[in-house]
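> Sequence:
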Amino acid sequence: MKTRFNMGILRIVRMEFEEQSVASFDVLFQEIHERIQAFDGCERVMVLTSTSQANQRTTMSWWKDEASLNAYRKSEFFGAVWPRTKALFSKDPIAWSMDWSSEIVRPI
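Per this note's numbering, the sequence shown starts with residue 1, numbered consecutively.
Hints are not guaranteed to be accurate.
As the list claims (entries may be wrong) - Computed cross-link-like contacts, DSBU-like style, restricted to lysine-lysine with a CA-CA straight-line distance of at most 35 Å:
#: 1; residue 1: K64; residue 2: K74
#: 2; residue 1: K91; residue 2: K64
#: 3; residue 1: K86; residue 2: K74
#: 4; residue 1: K64; residue 2: K86
#: 5; residue 1: K74; residue 2: K91
What the hints assert, rightly or not - Cβ pair distances, simulated, as ranges:
#: 6; residue 1: D40; residue 2: S90; range: 29 to 39 Å
#: 7; residue 1: S50; residue 2: V27; range: 29 to 39 Å
#: 8; residue 1: S90; residue 2: D65; range: 31 to 41 Å
#: 9; residue 1: S101; residue 2: E76; range: 25 to 35 Å
#: 10; residue 1: M98; residue 2: R35; range: 19 to 29 Å
#: 11; residue 1: E18; residue 2: A95; range: 10 to 20 Å
#: 12; residue 1: A71; residue 2: W96; range: 13 to 23 Å
#: 13; residue 1: R84; residue 2: M46; range: 14 to 24 Å
#: 14; residue 1: S101; residue 2: S21; range: 34 to 44 Å
#: 15; residue 1: V13; residue 2: D65; range: 15 to 25 Å
#: 16; residue 1: D26; residue 2: R73; range: 21 to 31 Å
Just so you know, these hints were derived from the structure itself, not from any lab.
Built from N, CA and C at the ideal position, the CB exists for glycine as well.
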């Protein structure tokens, strides 16, 4: 039996935007993703576009640990960016965090 090692936290946030706001979010994400990835403990951040709903985006971010994710979520930067993002939503986002191990997923 193989031993599984906890490698960190995977944060997934599914967001649905007003149709006229999708391009604004895409531009915003391009502007901020490198800053998010530069946060202490962030291994990678990416955005995925739904193949069936043009106004849906899902972000995935890999963090060293929950403390790193929480520090980002409490940061001044997040406090400025999240309200701008929320203003573009057509529905409440769905977010969850999961442990990831080297056997299941590894950020590229």
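> Now, for every hint given, state plainly whether the structure supports it.
Going down the list of hints, with the structure as the test:
no.	hint	in the structure
1	K64 / K74	16 Å, holds
2	K91 / K64	30 Å, holds
3	K86 / K74	16 Å, holds
4	K64 / K86	26 Å, holds
5	K74 / K91	23 Å, holds
6	D40 / S90: 29 to 39 Å	33 Å, holds
7	S50 / V27: 29 to 39 Å	18 Å, violated
8	S90 / D65: 31 to 41 Å	33 Å, holds
9	S101 / E76: 25 to 35 Å	32 Å, holds
10	M98 / R35: 19 to 29 Å	24 Å, holds
11	E18 / A95: 10 to 20 Å	19 Å, holds
12	A71 / W96: 13 to 23 Å	19 Å, holds
13	R84 / M46: 14 to 24 Å	19 Å, holds
14	S101 / S21: 34 to 44 Å	36 Å, holds
15	V13 / D65: 15 to 25 Å	18 Å, holds
16	D26 / R73: 21 to 31 Å	22 Å, holds
In terms of the numbered hints stated before, the structure departs from hint 7 and from no other.
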